[in-house]
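Under our numbering, the residues of the sequence shown are numbered 5 to 863, in order.
Be aware that one or more of the hints could be misleading.
[Said to hold, decoys possible] Straight-line Cα separation of at most 25 Å, DSS-like style, residue types lysine-lysine; simulated pairs:
hint: 1; residue 1: Lys370; residue 2: Lys306
hint: 2; residue 1: Lys463; residue 2: Lys761
hint: 3; residue 1: Lys413; residue 2: Lys438
hint: 4; residue 1: Lys372; residue 2: Lys288
hint: 5; residue 1: Lys756; residue 2: Lys651
hint: 6; residue 1: Lys667; residue 2: Lys625
hint: 7; residue 1: Lys827; residue 2: Lys840
hint: 8; residue 1: Lys362; residue 2: Lys306
[Claimed, not checked] Label-pair restraints from in silico Cβ distances:
hint: 9; residue 1: Ser515; residue 2: Ile72; range: 30 to 36 Å
hint: 10; residue 1: Arg494; residue 2: Lys822; range: 28 to 34 Å
hint: 11; residue 1: Glu854; residue 2: Asp563; range: 39 to 45 Å
hint: 12; residue 1: Tyr524; residue 2: Thr78; range: 42 to 48 Å
hint: 13; residue 1: Val8; residue 2: Lys379; range: 31 to 37 Å
hint: 14; residue 1: Tyr74; residue 2: Ser144; range: 38 to 44 Å
hint: 15; residue 1: Ser468; residue 2: Tyr524; range: 48 to 54 Å
hint: 16; residue 1: Arg46; residue 2: Thr73; range: 34 to 40 Å
hint: 17; residue 1: Tyr74; residue 2: Lys128; range: 37 to 43 Å
hint: 18; residue 1: Lys306; residue 2: Lys80; range: 43 to 49 Å
If you're looking for bench data, these hints aren't it; they were derived computationally from the structure. Note that CB positions come from ideal geometry on N, CA and C, so glycine has one too.
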Amino acid sequence: MPKVFSAKVKNILSGDTLVLTPPNNASGSERVLSLAHIHAPRNGEPYAFESKELLRTLLIGKVIKFWITYTTSTGKEFGDISAPIFPSLVEYVLEKGGAKLNDKFDDEEYDHLREIEEKSAAEKVGLHADDVPSISVLSSVPNDSIGETYDSIIERVISGDRLIARIISNDKEHIILPILIAGVRAPRTASSDQPAEPFGEESKIFVETRLLGKSLKVTPLGNSSSGIPVCKIIHPAGNISDRLLESGLAEVSDWQSTLVGSQGMSHFRELERKAKTSGQGIWKQSSDSVVTAPRSTSNSLKIGSVFNATISRIISADTLQLTLQDNSELTVQLASLRGPRQMDSPTFVPVAREFVRKLAIGDHSKVKVEAIRPKSEQLEERPLVSITLSNGKNLSTLIVAAGYAKVIKHKRGDDDRSSDWDLLVEKEAEAISKKLGLHGKTPDAERIVDASEKQTKAKTFFNSLQNRSRISGVVEHVSGFNRFKILLPREGLKLTLVLGGLSNSSVPRDSPLYKEASSYVSQRAAQRDVHFDVYGMDRTGAFIGNLYLSNESVPLQLDLLEHGFTEVHGGSLAQTKFERQFLEAEKLAQEQKVGVWENYEAEAQLEEVIAPVENLTIDKKYLDVIITDISDNGAVSYQILDSNQAKLPAFMEQFHAYFRTNKPSLSRPPKVGDYVAAKFSENNKYYRAIVTSVDKTNHTYEVKHIDYGNTDVLTSSSFLLALPSQFDANSLPPQAHSAQLSLLKLPPSQPKDYLSKALDYFADLTAGKNLVACVNFPNPTSDIESDVTFYDGEKIKQDIVYPINNELVRNGLAIVKKQLTPKEKLLSTELETLQKLEADAKRNHLGCWEFGDIIEEDL
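Could you put together the complete structure from these sequences and hints?
Structure below.
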């Protein structure tokens with residue numbers, strides 16, 4: 005015999021499922037029990053309502069005995085119930101025709117259930133009747149229902165003022181919908197992401213114990229702004245609105261005044277006044293009469309409280325993010341203001357936000373809580389505030405006076421407004437008369453080009469950015485402590501900037517230190533005016549450089565290093581121009597053992613650091629090559645004249661022959677890094693290639709031909725085919741190798757295009773010639789294999805030490821690097837020769853030096 009439990013029936017979900025609670029009405033403990041071996045009609049099916057009613061009228065609110073027969077793998081419990089008027093609810097329901105036995109039910113132990121069902125079916129009881137009624141279920145009340153009184157059943161209590169009701173309009177038509185209890189607003193109940201307001205759960209339980217599952221009458225008085233009917237609840241025991249108000253479990257809802265009527269609202273307000281006076285429920289007086297400033301979350305805010313905070317982010321013209329005293333963040337909205345929205349004034353949104361940003365970002369302000377907007381179905385709970393800036397001016401007044409926000413016209417009885425509301429209305433009238441901001445001419449739509457959208461686009465901006473210093477911008481977004489999205493408003497440009505000279509691998513992205521560093525940087529840099537330099541670019545299109553906060557003469561990287569948020573990156577340190585300061589900042593963090601250096605031991609790491617530097621050498625390799633491509637950024641592609649390269653002509657002949665008659669499709673959309681057969685746009689022939697970039701927005705694909713080194717942009721994936729195994733990289737290794745010219749940088753393309761001249765001249769020196777490539781050392785750049793010095797294969801017989809690289813410098817078409825890596829410094833002899841040639845070219849005003857120096861001395 006299974007164990008027998010006692011419980012009270014709280015609710016009926018269907019004709020075979022009940023919600024049970026402990027007999028003592030303890031809250032928060034519920035148990036859903038389904039009757040074993042039977043199934044009742046579901047909502048929308050014939051006899052579903054009658055089956056459910058059979059249990060509701062019999063059991064709701066009653067104490068019963070129950071036991072569990074079996075439990076499914078999902079934890080759903082099936083069992084039976086007994087009460088003084090029946091020993092088995094399963095048998096009772098079958099007898100009354102409220103349900104049927106489950107399909108394929110053949111348990112001999114329960115043969116008597118089959119007999120009961122057969123008897124009720126023979127007698128045509130309940131759902132076995134020939135004329136089972138069908139009830140239509142609607143989800144809204146008719147327009148002419150206002151003022152009409154309907155029989156109803158409360159099927160669910162959402163909160164102390166919101167119910168799900170079944171309105172029985174007639175025998176064949178019911179309406180199931182949410183309704184609001186007229187005249188009251190109950191505290192919010194708990195949700196998955198926010199706790200309940202004080203007395204929110206108590207209010208809900210208060211209504212549940214009196215209305216859930218009960219028959220009563222409702223009278224629709226009107227609808228809320230969201231279309232939910234506001235209903236007067238007529239119960240034999242009295243008006244539930246009265247009971248909620250006098251118990252202090254709800255407050256009067258002002259906006260329903262016109263629905264309830266003045267007489268009814270006066271009655272409600274009197275009940276609310278008495279509850280306030282006696283300190284009932286939500287009106288219970290706090291023992292702490294002192295208003296304390298919040299330190300972390302909105303839960304501690306009180307209307308009328310005043311506290312200091314830093315404005316750390318401008319979300320919109322009327323919504324701001326504050327940083328509190330403990331560095332936690334709080335989002336607030338300016339009381340009584342409505343800034344422009346995308347849906348009605350899209351072109352004003354960025355203009356208004358920028359106006360507020362210039363006024364308020366980073367300001368240490370005084371904040372007054374005027375009201376707290378409660379959470380609703382559409383909006384989160386949010387403090388409504390007035391902000392006084394450090395200069396003593398009211399932020400809301402400044403915004404309205406400039407025409408970048410409108411004043412909310414509050415409804416009668418709405419006290420959730422700014423204490424300066426009248427002044428705001430006055431300032432708005434002045435802005436309207438002057439046709440300022442929203443009240444004047446609509447600005448043109450903002451057009452911003454993303455220079456970092458992809459690598460090919462970034463390349464077109466790189467040289468011009470590289471040759472400028474201290475570029476002005478605004479940090480639009482902080483992606484991490486070393487990665488920023490920067491807006492250049494005057495130029496209609498935005499780009500991604502990665503801080504140079506820092507290691508990207510020293511701090512894992514999911515570590516607490518990374519989050520701390522990102523938060524630290526965000527509070528200092530987000531939406532701030534900044535300056536930056538550019539001296540590099542990565543393969544994603546992000547630019548690499550230094551970032552300077554306002555009024556700072558040294559880059560932000562130094563601050564990060566001093567806090568131990570990261571380490572220096574030796575390979576790129578020289579490009580920053582602050583190599584010594586970077587190392588000193590890192591040393592300071594090591595000595596203080598902060599951040600990544602928390603467990604740092606200098607002596608233990610000394611040998612590890614010194615040994616590679618002392619033993620640093622280069623191993624030059626000389627190769628016979630031919631150049632196959634010179635890219636716009638000066639990267640050189642070449643083939644090594646070896647046995648594999650000798651196979652290439654025959655290999656390509658077979659390759660072209662195959663693809664003239666075969667078009668093997670790709671098994672999936674191409675991704676970066678895939679080897680494919682790509683149609684070359686200039687001759688429509690297919691070549692082996694690797695996908696280097698995919699633009700999903702424009703459906704274009706950038707590929708690099710692995711045997712020749714040239715790149716191409718294809719406008720459709722149909723130009724990319726699968727690469728059969730007989731032609732893959734294992735059958736013949738890729739023949740193209742990439743290099744950059746050792747110790748050299750190519751001249752800029754602005755203000756005069758010396759870059760094109762340099763590329764053309766280098767092509768004239770190398771095209772169609774057998775060359776010798778001196779591979780000095782591998783290059784750490786992802787798309788460059790090595791640093792190379794090229795020699796003319798014929799001229800090397802007369803002058804073995806004079807390379808083609810030198811010819812570029814001699815004619816002012818290449819620039820000798822000033823900041824060198826440790827390995828580049830080992831090429832001291834070559835460097836000295838190049839510097840002398842460059843000095844001669846400058847003196848003679850050749851090439852890019854024709855108008856004097858074109859770059860700063862420290863580049």
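We went through each hint and held it up to the structure:
1. Lys370 <-> Lys306: 15 Å, holds
2. Lys463 <-> Lys761: 18 Å, holds
3. Lys413 <-> Lys438: Judged against 25 Å, a Cα distance of about 21 Å means the pair holds.
4. Lys372 <-> Lys288: Holds. Lys372 to Lys288 sits at ~24 Å (cutoff 25 Å).
5. Lys756 <-> Lys651: Not satisfied, since the Cα-Cα distance of roughly 43 Å exceeds 25 Å.
6. Lys667 <-> Lys625: 41 Å, violated
7. Lys827 <-> Lys840: Within the cut-off at roughly 21 Å; holds.
8. Lys362 <-> Lys306: Since the Cα atoms of Lys362 and Lys306 sit roughly 29 Å apart, the hinted pair is violated (cutoff 25 Å).
9. Ser515 <-> Ile72: 30 to 36 Å: 48 Å, violated
10. Arg494 <-> Lys822: 28 to 34 Å: Cβ of Arg494 to Cβ of Lys822: about 30 Å, so the range 28 to 34 Å holds.
11. Glu854 <-> Asp563: 39 to 45 Å: 41 Å, holds
12. Tyr524 <-> Thr78: 42 to 48 Å: 46 Å, holds
13. Val8 <-> Lys379: 31 to 37 Å: About 43 Å separates the Cβ atoms of Val8 and Lys379, which means 31 to 37 Å is violated.
14. Tyr74 <-> Ser144: 38 to 44 Å: 41 Å, holds
15. Ser468 <-> Tyr524: 48 to 54 Å: This hint is violated: roughly 32 Å between Cβ atoms.
16. Arg46 <-> Thr73: 34 to 40 Å: 21 Å, violated
17. Tyr74 <-> Lys128: 37 to 43 Å: Since the Cβ atoms of Tyr74 and Lys128 sit about 31 Å apart, the hinted range of 37 to 43 Å is violated.
18. Lys306 <-> Lys80: 43 to 49 Å: Roughly 45 Å apart at Cβ, these two residues keep to the hinted range, so it holds.
In the structure shown, a violation is registered for the earlier hints numbered 5, 6, 8, 9, 13, 15, 16, 17, in ascending order.
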